[in-house]
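The listed protein sequences correspond, in order, to chains A and B. First residue of the first sequence? That's 1203 in my numbering, and the numbers climb one at a time after it. First residue of the second sequence? That's 1203 in my numbering, and the numbers climb one at a time after it.
A portion of the hints provided could be inaccurate.
One copy or any two copies: either way a pair holds, since identical chains are not told apart in the list.
As the list claims (entries may be wrong) - With a straight-line cut-off of 25 angstroms between C-alpha atoms, the simulated SDA-like cross-links for lysine to any residue are:
hint : residue 1 : residue 2
1    : K1351     : Y1372
2    : K1319     : S1362
3    : K1405     : Q1338
4    : K1570     : H1294
5    : K1266     : S1362
6    : K1285     : I1597
7    : K1351     : A1389
8    : K1351     : N1384
9    : K1405     : P1502
10   : K1405     : T1246
11   : K1405     : S1362
12   : K1266     : L1346
13   : K1501     : F1279
14   : K1596     : H1517
15   : K1501     : D1582
16   : K1285     : P1211
17   : K1501     : D1584
18   : K1405     : A1366
19   : K1310     : R1233
20   : K1607     : R1411
21   : K1405     : D1228
22   : K1310     : P1211
23   : K1607     : M1316
24   : K1501     : A1611
These aren't lab readings, by the way, just hints derived from the structure by calculation.
Protein chains: 2
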Amino acid sequence: MLQSWLPVPPDSDFSIYNLPFGIFSDERPARAGVAIGEWVVDLTAAYALNLFPHYPEAGGAFRKPVLNDLIGLGREFSEYVRKTIQDALFDHDSVLHQYAGHLLIRQKDVQMHMPLKVGNYTDFYSSEEHAFSVGQIFRPDNPLFPNWKQMPVAYHGRASSIVASGTPVYRPQGQVGQASGNPAFVATRALDYELELAFVIGKDSTFGRPVPVGEAEDYIFGMLLFNDWSARDIQRWEYQPLGPFTSKNFASGISPWIVTWEALHPFRVPAPAQLPRPLPYLSIEPRLNFDLSLSVGIKPENGSEYEVCQTNAQHLYWTAAQQIAHHTITGCNLQTGDLLATGTISGRGISQKGCLLEATLNGRQSVKLGDGVERRFLEDNDEVVMRGFGQKEKIRVGFGELRGKVLPAIQG
Amino acid sequence: MLQSWLPVPPDSDFSIYNLPFGIFSDERPARAGVAIGEWVVDLTAAYALNLFPHYPEAGGAFRKPVLNDLIGLGREFSEYVRKTIQDALFDHDSVLHQYAGHLLIRQKDVQMHMPLKVGNYTDFYSSEEHAFSVGQIFRPDNPLFPNWKQMPVAYHGRASSIVASGTPVYRPQGQVGQASGNPAFVATRALDYELELAFVIGKDSTFGRPVPVGEAEDYIFGMLLFNDWSARDIQRWEYQPLGPFTSKNFASGISPWIVTWEALHPFRVPAPAQLPRPLPYLSIEPRLNFDLSLSVGIKPENGSEYEVCQTNAQHLYWTAAQQIAHHTITGCNLQTGDLLATGTISGRGISQKGCLLEATLNGRQSVKLGDGVERRFLEDNDEVVMRGFGQKEKIRVGFGELRGKVLPAIQG
Chain A
1203 MLQSWLPVPP DSDFSIYNLP FGIFSDERPA RAGVAIGEWV VDLTAAYALN
1253 LFPHYPEAGG AFRKPVLNDL IGLGREFSEY VRKTIQDALF DHDSVLHQYA
1303 GHLLIRQKDV QMHMPLKVGN YTDFYSSEEH AFSVGQIFRP DNPLFPNWKQ
1353 MPVAYHGRAS SIVASGTPVY RPQGQVGQAS GNPAFVATRA LDYELELAFV
1403 IGKDSTFGRP VPVGEAEDYI FGMLLFNDWS ARDIQRWEYQ PLGPFTSKNF
1453 ASGISPWIVT WEALHPFRVP APAQLPRPLP YLSIEPRLNF DLSLSVGIKP
1503 ENGSEYEVCQ TNAQHLYWTA AQQIAHHTIT GCNLQTGDLL ATGTISGRGI
1553 SQKGCLLEAT LNGRQSVKLG DGVERRFLED NDEVVMRGFG QKEKIRVGFG
1603 ELRGKVLPAI QG
Chain B
1203 MLQSWLPVPP DSDFSIYNLP FGIFSDERPA RAGVAIGEWV VDLTAAYALN
1253 LFPHYPEAGG AFRKPVLNDL IGLGREFSEY VRKTIQDALF DHDSVLHQYA
1303 GHLLIRQKDV QMHMPLKVGN YTDFYSSEEH AFSVGQIFRP DNPLFPNWKQ
1353 MPVAYHGRAS SIVASGTPVY RPQGQVGQAS GNPAFVATRA LDYELELAFV
1403 IGKDSTFGRP VPVGEAEDYI FGMLLFNDWS ARDIQRWEYQ PLGPFTSKNF
1453 ASGISPWIVT WEALHPFRVP APAQLPRPLP YLSIEPRLNF DLSLSVGIKP
1503 ENGSEYEVCQ TNAQHLYWTA AQQIAHHTIT GCNLQTGDLL ATGTISGRGI
1553 SQKGCLLEAT LNGRQSVKLG DGVERRFLED NDEVVMRGFG QKEKIRVGFG
1603 ELRGKVLPAI QG
């Protein structure tokens, strides 16, 4: 194996095989960077030193405070940037090495920002374990609707309230049902996270034209961790017949680094078999998922973080390609910068549940955090930490952390 | 009454009391304009002639191909522009009159465009008549869920596929349920329109902070006609449990001119009484709607247009202020350029139904178009035309037309 001049710890999410894109700032304004180990490559500075001679027009895209324009230049461009940096990291005579003091900035010295202006955000419901367990809680007699195995069920979410990792979330207040029939206005007593992955759309599709399932992956730029904050008591009261609204639209968190589709390639694995077989517009062979380890930790105030979930993305019933084919089948157009989230990713075991609703059976039992601390739902000042990575032999590619803290409800 | 030097027919939607904003182009690129009678005032040209001396910084906003920046300058600014033009239309010595040949362009000589880059779009369900009739069709035993009279029920829609008036829509293809249990893939056999109004959000609210119902109207810039195209057979199969998705996201149409909140003021009327009384965050007195006449026409290919619906917006159960208060109650932030649509606006009578689903009882009876032509749902090459206006004594303020034609499904 070639040796880079820049040492990266073997357990780093940001190995030389990853090189994800993000938006960072230091004393200078927010701009594009690539993560490597504990460092950020400043792409504007690298561009100024002519590190990317094949794309002289790309300077403007690097200077923007979101990645949409950079992504809009196409996967060929982003691959060129990654490959150029990768080569330079192996090359002791590279400009990147010579000017490392100028081009590399420590991650601990920068602020990360929203990597995208999210145009539209769609949330799928693609984990069978999750759909079934949640369905059991909300509708014991009818957990999985007959459409669930025929299509990747989804709903449109709220893009304006998608926030960067580290953005705290106030405990939402809203309407909940009561046995009396009249609703109450409360600060939610059932605040939850949802562990998801989100695909970043990398190019526009055409209004009125479905994207064929065999071409769908061409529309994906990369992937993020996604936390779909949810207020379960509000959700239960409001969700019929049009789906969740105020119980979900108050905030969603995303991880700061977009891991590219190409960097995730080593972790592709066959998706679970589908019976009944879906309609032709959803049929493709091979159907591939990603073997990515995912986890959730809860850190109570003044306490240590405890891992409450460890699961894997490889068991998702519906794949990204199927989600895109379904999303566009009636003619809906996708746009660069859209997010398509998987829905909560859960496994079978109680320690593999991607949200507290499932792990606690809607608060009927508690999750132990250790030292006598337990949770049914999130408490004020809890911090939720999501992580995810793929590992294949010595190749590790990860998302870093997605963090978000619960603040007490706003008074008055 | 003062007399303007520019004659406007008494039945024009674009009277001197209206002066709505839109985006038009001729041989020069798309830019902002104001409609008056059969004319467009070219705001960039008027700005260049110093018609708006109090806002020297506004030139950039007028030149943009969408109105978001202009709207972002605030209602005080747009009112200044409207008032300035209104005064100039009464003043025979005004610059507008002197240079009328340069500043006024005939509407028939321009192309109208999407007036907005829509950030997020939300569809409410605020007409009791509509919610009840649709509920009866989809759930005869349970037409109105218990939450409906407690909150303005809504879901997030798809912003990317909102298109300008005149944009044709391909008949969508997708999944429908069948008695066998297995779905079929078909071109929809139940294509429908939905007659709605949409409020244009005029300023950003703060992430995490609900907008009090008493301040909610400050966030509205103006109003549009909105056609929420729907495929009913696809909707029925997919909508549980997360709401409509591919049955609605393929297209929505909007009228080209945004009628400002101030121009609609003469048509404010009390909204229907609410029992049970809503929670305090939704309570406000007086609760006001708009007395606006609304209609839908269908024009078959090579035929005349027939009016199939005549209704009024004044009976909506939930008002704009209540919709905004509810939308933000858990902390969701609104952004300039968002659209909040009312949901289908229906009255009690069969000729007052804002969609064919209701007017035909889901295709069980037909709507007569005349000359032996009838419809259960839309047929290929039908054009749908929506209109709306308020009239109070001699003051008429309207939206103009929202048109959209159905094209046959795309083959292959």
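Practice prompt. Any hints from earlier that this structure breaks? Give me their numbers in increasing order, please.
Written response: Hints 1, 3, 4, 9, 12, 13, 21 contradicted; others consistent.
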